[in-house]
Amino acid sequence: MDRSGDLLPGTFDMLVLKAVSLGEMHGWGIAERIERLSDGACAVQQGAVYPVLQRLLRRGWVVAQWKVSDNHRRARFYHLTASGRRQLADEINWWRRSIAGVDRVLSAEPREA
Amino acid sequence: MSWIDAARQRLRDLIAGDRADRELNEEIAHHIDLETTRQIRDGLDPAAARAMAYVRFGNPTLISDAARAERGSHLMEGSVQDLSWALRSLRKNPGFTALALVTLVLGIGACTVAFSVFNTVLLRPLPYRDADRLVLIRERNSKGDLRPPSFPNFASWREQTRSFSGVAAAMSPYSRTVSASGDAEPERLPSLEVTRSFFSTLGVTPAIGREFTDAEQAPGRPRAAMVSYDFWRNRMGARRPLGVIRLGDTRTLVVGVLPPGFKFLQPADVYLPHEGNAGTIRSSHNYQVVARLKSGATLTAARAEMSALSRSLYATYGTETEAIDTDVRPLRDFMVANYRNLLSTVFGAATLVLLIACTNLVSAQLARGWHREREIVVRAALGASRARIARQLVIESSVLVAIGTIVAILGASGAITAIRIVGGSLVPRLSELSLDGRVLEFAIGIALATAVVVGVYPAVRLARRDAGQVLRAGRGGVSVRSSVWRALIGFEVALAVMLVIGSALLVRTLRNILSAETGFDSHGIVTAAITPQESDAARFDEVVGALRAIPGVEGVAFTSNLPLQWGNWSGPVRRPSDPKDRDWPAMAGFRVVSPEYFAVLRQPILRGRSFAASDRPGAPGVAIITPGIAEKLWPGQDPIGKTIATNYLFNDWLTVVGVVAEASNWSMPHGTQNEIYVPLAQREANIGQQIIALLRTDGRPDAVMGATRKRLRDIIPHSPAQIGTVDERIAKSAADRRFGMLALTAFGVIAIVLAAVGIYGVMWYIVSTRTHEIGIRMALGATTARVQRDVLSSAAAMAATGIVVGLAGGAYAARYLRASLYGVSQLDPRAYLFGAAVTLSVAILAAYFPAWHSSRVDPMEAIRDT
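So the protein lines, in turn, are chains A and B. Counting in our numbering, the first sequence runs from 1 upward without gaps. Counting in our numbering, the second sequence runs from 1 upward without gaps.
Hints in this document: simulated from the structure, not taken from any laboratory. Only a predicted model underlies this, so the values are computations on that prediction, with no experimental measurement involved. A virtual CB, placed ideally from N, CA and C, is assigned to each residue, including glycine. Any given hint might turn out to be false.
Label-pair ranges, simulated between beta-carbon atoms [to be verified]:
id, chain 1, residue 1, chain 2, residue 2, range
1, A, 82, B, 482, 51 to 61 angstroms
2, A, 96, B, 860, 20 to 30 angstroms
3, A, 43, B, 482, 32 to 42 angstroms
4, A, 96, B, 482, 29 to 39 angstroms
5, A, 37, B, 29, 17 to 27 angstroms
Start from the sequences and build out the full structure, keeping to the hints where you can.
The following block contains the structure:
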């Protein structure tokens, strides 16, 4: 079963938020971070980060700033706001509880049903 | 940069979010560069690295669309984005856009035009002050027929009623010889004689001058006239003071000019006081009586009062009056009563056209949605909410509907002008037709409804799509269930069938009316109406000679009344044995004719003889009657030699010398009635009264009409003739049906075209979703013909359901046409068969190209290509 990019809804937003929280970064860098840190498991189309970034911007969880990047080109850098940090904490919390719940279900023995 | 580019750039800058777009593009370009650099570092050559960067990035257009959608932080900005998205998306599909626009323009345009007619004729108030307080009063006789009142009855009502603030009457209009000034060319123009306070009762104030005074209305009155605004402007040169015009030989003072566009029932140019020479016979029917309800008086109360009053008049005058009761109804109802059903049907037909247009658009959106599903699903996967996607689809439909509506309104305004010009004489009030605020509101209203219908259902359907389902279904997407198509196609086919049936019924009606038995041979008869002046009397023989000498004229006759002419005389007939003041045994119309009349009109003499030269002044009075009178007065006996009298116009006894076949003298198609003909020679020459020459031509009336006009102008220059043909009058008597027929046929054709477009689109869609299956079948040995036949028969099957429903719907809707039909049943099987056959053929024809295309599928490609 091909599952590449088949993330749970909302998961990708959380990953982008987390990637931004690791340090101010531009779009490509965020996509690259997610890809590298997940060992390619969460490799989606890189362009998908931009609509997510727009959404995070709109909600005030990240802010963007045009700066000169390492390759001496103009690039838009995103960094996390205080409310973004709280949101990320909430989402991680939600994710851990969901995963734990899913895991309990998956590891259930016949007698527990 | 050309000025177009400059303008485009300016426009783009104006649209909010343009700066953000440019920033996003810059970000994406930068992203691609960074990724390319990395791929090169990983060992790819530059070209391959860039290609790989794009692959890994995904479709930049979709991504920026999705990002733009996310940015929509407040409603306005989002809507502007949606709008530009919709415009782009429509521009990308010119075929769909064009077809959808044509459909919309036809649907909304047809509906708007039909509503403007409906609104003008039936809804808009009459052009009089407080027109809803105006009523028309008619007599009801013992048979229940409604007749125009007589003057004495009108005068009694005027004196005795309490419900009205004004009661006034006008005579039937007739044409007179009028010169706008002493030396102007005389013309025959319609005139109307009116009673005291006629205009103030209608609530019309003259544009210039005043209404007639009581002195001008009195017998032996000073000559006075009022004129129409057009007459004053065009014939009198808009002169002030108004001065004097000539009516026949009489100089007449103009005392007032009516407001522009004024008319009462029928247009007239000259208005004259009538009270001085009012009719005195209670049983003649020559007036239209109009009254204005007093403030506080209700129609019901007025009806009750008038009924009581006519009963008491009947008690007083007995058979002198025929009115046993009265009919009081709003003036507008009287004017348009005959048209209410017909125009409602036409409006209903237009609504059906609009429904077909909507159905087409819904199915086009669904079919197109199939091609767009992947785009939509990707947008959804990228985080666009379903509401947002649905909103964008609705906005796209709305943009389409808005453009379609603007074009439709422009087209409708053109059509309205055309209808006003062509149809102005066919249906009352149609000459007032215009695109007013109410029509615009209506057009916008139906446009909104259309946008909702065609936008929401497909949008909801598409936005609800599950991403996984669509992506797994591969290139083909998830097809719309065939039951949905069957319903959509069936629906529009049913509507088209209904419209075709309606127009077929009216086409048959019109043909029946025009070919109906009239009792005379009207073909090629030229008519010339003249009003001889005193100075012309001596030249009458010269006129007859000149007309006979016109090449192509085979016979000339004279009559007092044209066939099918409004304002015929009628009255009671009695035998010598009938007491004068008791119930009259029969009623008859009354015509004065020359001896050649029956030969020229080819109206067969059934018994006895026609008039002869010997029936001259001084000889015993003679009459020719129709069989109905003979039946009534002398059942089973030979009427020849019997004597009759009528109290109308003369009191002498007449000997019946002949019986002539009945003719539709009164109206088409069933206006025969009892008739008494008397010889022209035995009636006193009526100076100032109209006489009509009938010329039997050898079948080329046009040349004869021109020659007749010229000869008459040479001999009697002061009495211009009104030239026409009897066929013209017959055609005019069917004008309302002709209008309905034309309207329903136009809508029927539009409906068929739209249904064909719809079927074509749906079959095309079905064939293209089944390419794979068809390929397999062909690979397994199905022949081209077999594949085509399957497609055609599935189209026919879808149409068949619709046809069955349409036949039932047609039978239901035809009830509303019943009053307009003549000589054809509302359930005429031929009309229904025709409707079914036409629609089925069109359905199969529309499916033919998709069917042909399906059989051209290359099996190998079709199977590989999935």
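### Message
Going through the numbered hints above, which ones does this structure break? Give me the numbers in ascending order.
### Response
2 and 4
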